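Single-letter residue listing:
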Amino acid sequence: MTEMSGADMVVQALVDLGVDTVFGYPGGAVLPIYDALFNHPSIKHVLVRHEQAATHAAEGYARSTGKPGVVLVTSGPGATNAVTGITDALLDSIPMVVLTGQVPTTLIGTDAFQECDTVGITRHCTKHNYLVMSPENLGAIMHEAFHIATHGRPGPVVIDIPKNVQVATGNYARPNMIEHVSYRPQYDPDPTDIADAIELIANATRPIFYTGGGVINAGPQASAALREFVAMTGAPITSTLMGLGAYPSTDDKWLGMLGMHGTYESNMAMNKSDLIICVGARFDDRVTGRLDAFAPHSKKIHIDIDRSSINKIVPADIAIVGDAGRCLDALIAKWNSDGRKAKDLSEWMRRIDGWRAARCLDFPESKAADAEIMPQRAVRALYDATRGMDPIVTTEVGQHQMWAAQHFGFDEPNRWLTSGGLGTMGYGFPSAVGAQVANPDRLVICIAGEASVQMNIQEMSTVSQYRLPVKLFILNNEWMGMVRQWQELTYESRYSNSYSDSLPDFVKLADAYGWTGLRIDTLDELDAGIAKMIATPGPVIVDCRVAKLANCFPMIPSGAAHTDMILQSSEVSGTMDDEAKALV
Amino acid sequence: MKITLQAAERHVLAITVTNEAGVLAKITGLFTARGYNIESLTVADITSDHAVSRITIVTNGPPPVIDQIIAQLDRLVPVHKVVDLADQGPHVEREIALVKVAGTGEKRIEALRLADVFRAKVVDTTLESFVFEITGNSDKVDRFIALMRECGLVEVGRTGVVAIARGASAL
Ligand SMILES: Cc1cc2nc3c(=O)[nH]c(=O)nc-3n(C[C@H](O)[C@H](O)[C@H](O)COP(=O)(O)OP(=O)(O)OC[C@H]3O[C@@H](n4cnc5c(N)ncnc54)[C@H](O)[C@@H]3O)c2cc1C
Ligand SMILES: Cc1ncc(C[n+]2csc(CCOP(=O)(O)OP(=O)(O)O)c2C)c(N)n1
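Order-wise, the sequence lines are chains L and E. Read in order, the letters of the first sequence are residues 213 to 796 in this note's numbering. Read in order, the letters of the second sequence are residues 234 to 404 in this note's numbering.
None of these hints come from the bench; they were simulated from the model. Note that this is a predicted model, so its numbers are computed, not measured. Any given hint might turn out to be false.
[What the hints assert, rightly or not] Non-contacting residues of chain L with respect to chain E, defined by C-beta distances greater than 10 Å in every case (computed):
no., residue
1, H392
2, D518
3, R568
[Claimed, not checked] Not close to chain E: a few residues of chain L, all C-beta gaps over 10 Å, as computed:
no., residue
4, R418
5, I522
6, D556
7, R654
8, E704
[Claimed, not checked] Only pairs whose alpha carbons sit at most 20 Å apart, straight line, appear in this in silico EDC-like list of lysine to aspartate or glutamate:
no., chain 1, residue 1, chain 2, residue 2
9, E, K235, L, D504
10, L, K555, L, E440
11, E, K314, L, D565
12, L, K256, L, D220
13, L, K524, L, D405
14, E, K333, E, D349
15, L, K793, L, D504
16, L, K744, L, D565
17, L, K524, E, D317
18, L, K546, L, E411
19, L, K465, L, E700
20, L, K579, L, D739
21, L, K553, L, D408
22, L, K524, E, D300
23, L, K760, L, E700
24, L, K744, L, D596
25, L, K555, L, D486
26, E, K235, L, E700
27, L, K524, E, E242
28, E, K314, E, D282
29, L, K524, L, D496
30, E, K235, L, D789
31, L, K465, L, E391
32, E, K235, L, D496
33, L, K279, L, E348
34, E, K333, E, D307
35, L, K524, E, D307
All C-beta atoms, glycine included, are put in the ideal place defined by N, C-alpha and C.
Please model the entire structure based on the sequences and the hints provided.
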C-alpha cells in the first residue's frame, strides 16, 4: 500500500499494467493526470488533433498488437468526441480503456462547466463503465477495467474520474490476480460438445469453415490452430471481413471473404454446404443475406466466447461457448485421440472449383498506358508491390474498403484493420496512426476514399509531429462511391448529395503538413507511383485517381439470398421494392 | 410494406446483480436498446451487507427472444446470475397493491364486502374512503382492481411481481 494522489495512481496503474502508449488530448478536467504524465520515462503520450481520432488510434494500436488501446480525454466535449470510437470498439470487439476527466464530485449534476453525464452517455456503448467517487477505489478500478476490457469478448471500458478524485490522495496497491465477483467468461469448451462436433465434422461431405474476428481476438496461436485443424479436416474455409488474415489467402482451401461483397464461391459453398463450422463470427446481416434462405441444408456448429452471439440470428445445432483458440485446440486433440481421418472431399472441392470458374473478382479494364485506373487494379498493384513486406493495412469505409478486402491478400492475423460493425468513416487514417505508433518499423498503409479521409484529416498534423511514416493511399473517385452505388441500385441513379465536391488538392495538402504528396493519374503511372510511395521515407499521401463510376461487385443486394448474387454491373436494375429499400 | 411480429410468451426472470450505481439503468437500458418488453420490474437488495440486489422482471417475447434476453443480461459485468423461473419448475409469484376507494353509501359497503372476499386488508379509513392492501398473483390483483372500479376507485399503487421457485433449492 502506498499513499498517492489519484492522478499518480492512474499513471502508476498504467505502468503496472504494462501500458506504453496513451492516445489523448488534454483539458481542464484531466490536467492533474497530464501533470503526472509530464516527461514520463516509460509511457508515451500521443497527442492527437481530435478525440475521435484518439479512440481510433487506440483501436489501431490494439488490433495490430493484441494489447488494449488506452485513451485519455477531458470531460464534456472531450468525452462526447470519443463516443464514436468507443462504439466502434464495442461493435468490433476491440479491447480499449478510455479515461475521461469529470467535474469534481461536488459539482456533479449541477450543469457545471464542461460537465456531461459520461457514464450515462457511454453506458450502452461500452462493455462496462465506472464513475470513480473516491481515490481509495481508483487503483482497483483501473486494474479491473483492464481485466474486463481484455477478457472474454474484448471491448471498450470507460473510467470517468472527477477532478477532485485526481487531486485527493488514497492508497494504491497492485493486485496480484483479479477474480471478478460476477464477470467470469468461459474459456474452455464443454468436452461433450467437442465430441459431438468432431462426430459431425468427420462425417460431413460438404463442410465449410466460416471464421471471423473472434479468431483474431483469440490471438495468433488461435490462427495457428485454425490452420492446423483446417489441414486435418481438408475442409474449405471462408471468413468475414473482420477475420481476414487468420487463414492465409494464398492457400488453396481459402475461398475468400463471404457475404454481401464476398466471393461467389464462398457464398455458394455456404449455401450448398451440409455443415458450417463457425468460429468466432456472429452471423451479421452483411454475411447471411436473407435469413430464411441462409445455408438451408446445413447443420451449424457455432463456437463463440459470448453466449449471446450464439442463436442470436441463426440457430446452432451444436453451441460451443469458449475461446476460439482453446476450442480449436480441443477439436484438434479430440480428432487425434479418436483417430479420425479426413473424408474424401474431392467431389465437394470440384463443385467449389466450378463456382471459382465464374472468376467473380474479375473486372473490365483497359490496358492502355493512358487508361484510367480501375480501383481494383490499384489495390492489386499495391498488394503486388508490398508482398514480402508484411504490411499493416487499414481502411476507411466504402467501396475502397470492400475492394481492399477482395483484392489485397492477408496471410497473418493483426495485419488488417477495418471498421466492420459500425462502419465508421474516419476510422482508417487514425487507426493507421495508432498501428504505426505501435509498430514503428513496419509498413503501415491506409487505403482510403477521398470522402472518408476528410473525416479525420486533421491527424496529418499528429503524423508530422511524431514523424510517423504512414502511407495514405487515397482511391479518389470523386464520389462517396458506396452511396452512389446504392443510389444506382435503388433510386434510379438520383445522386442525392453523394458527389465529393470541392475536394482539396491532396498533394498541396501534403506539402502544407510537411508530408510528401504524389499523384497517380493513369495506368502507366500506377506501379511507379506505388514504388515511390514505398521508397519515400516519412509520411506520404498518394492521390490515386481512379475510374469515377466503378461499382463494387460481386454483391448480394440487401435482403437477397446468397444464390442471388450480382456478379457484374450489367445485371443491376435501377430500383427495389419497399421491403428491400427498408433494409440497410 | 408491413412490419410483422412473432407471438410472445410471458416469462419471469430473477436476476442477481452487484448493488452498484447505474446497474438498474444498465438493465432497463438493455431492454429499451434491444427492443425487449418489460411488463414489470422490482428491485431490492437481498444480502445483509447490501452488496447484492435481486431484480425480478416480467417480460414477454417469442422463445428465441427470451433466450437472447437471458444471454444479453448474463454478459453484463455486474450481473451474477439470471434465471428464467419457468425453467425452475413451479414458482410462486406475488405482488402487493394499495387501492384507494372513495364514496359513501351502498358502494362503500360493497367495496368492503368485496375486499373481504379477496382477503384484502383495510390499512386506512376515513368516513368517505378506504385504502385496501391486497397481495396475490397479478391476476388476482387485476380482478380486485377491476371490481373496485365499480365501487369508486380513485387511485392504485402496485409493486410489480416478485417471484421465487417452489421447493428447497435456491437460485
Ligand atoms: C460497407 C461495409 C460492407 C461490409 N460487407 C461485408 C461483407 O461483405 N462480408 C462480411 O463478412 N462483412 C462485411 N462487413 C462487416 C460486417 O458489418 C460485420 O462487421 C462483420 O461481418 C462481422 O464480423 P464477424 O462475424 O467476424 O464478427 P466480429 O464483429 O469480429 O465479432 C467477433 C465474434 O467473435 C466472438 N469472439 C470474440 N473473441 C473471441 C474469442 N477469443 N474466442 C471466440 N470467440 C470470440 C465475439 O463474441 C463475436 O461474436 C461490411 C462492413 C461495411 C462497413
Ligand atoms: C461516419 C459515417 N457517415 C456516413 C457513412 C455512410 N457511408 C458509407 S460509405 C460512404 C461513402 C464513402 O465514400 P469514400 O470515402 O469516398 O469511399 P468510396 O465508397 O468512394 O470508396 C458513406 C457516406 C458512414 N459509413 N460513416
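Does I522/L sit more than 10 Å from chain E, CB to CB? Check fails; 8 Å does not lie beyond 10 Å.
Could you let me know if the closest chain E CB is still more than 10 Å away from the CB of R418/L? About 26 Å separates R418/L from the closest Cβ of chain E, which puts it past 10 Å; holds.
Determine whether the non-interface label on R654/L survives the test: each CB of chain E must be over 10 Å from its CB. holds, 34 Å
Confirm or reject the statement that E704/L sits farther than 10 Å, beta carbon to beta carbon, from all of chain E. holds, 19 Å
If you draw a straight line from the CA of K546/L to the CA of E411/L, is it 20 Å or shorter? holds, 10 Å
Are the Cα positions of K235/E and D496/L separated by 20 Å at most? Roughly 23 Å between the alpha carbons, so the hint for K235/E and D496/L is violated.
Within a Cα-Cα threshold of 20 Å, do K744/L and D596/L meet the stated pairing? Holds. K744/L to D596/L sits at ~14 Å (cutoff 20 Å).
Agreement of K744/L and D565/L with the hint, judged by alpha carbon distance not exceeding 20 Å: violated, 38 Å
If I take the minimum Cβ distance from D556/L to any residue of chain E, is it greater than 10 Å? Nearest chain E Cβ is 37 Å from D556/L, so the label holds.
For the pair supplied as a hint, K524/L and D300/E, is the alpha-carbon distance within the 20 Å limit? holds, 9 Å
Below or equal to 20 Å on CA atoms is what counts here, so check K555/L against E440/L. Status holds; Cα separation ~16 Å.
Satisfaction of hint between D307/E and K524/L, Cα-Cα up to 20 Å: At roughly 14 Å apart (the allowed maximum being 20 Å), D307/E and K524/L satisfy the hint.
Checked against the numbered hints listed earlier, the structure breaks hints 1, 2, 5, 11, 16, 19, 26, 31, 32, 33, 34; every other hint is satisfied.
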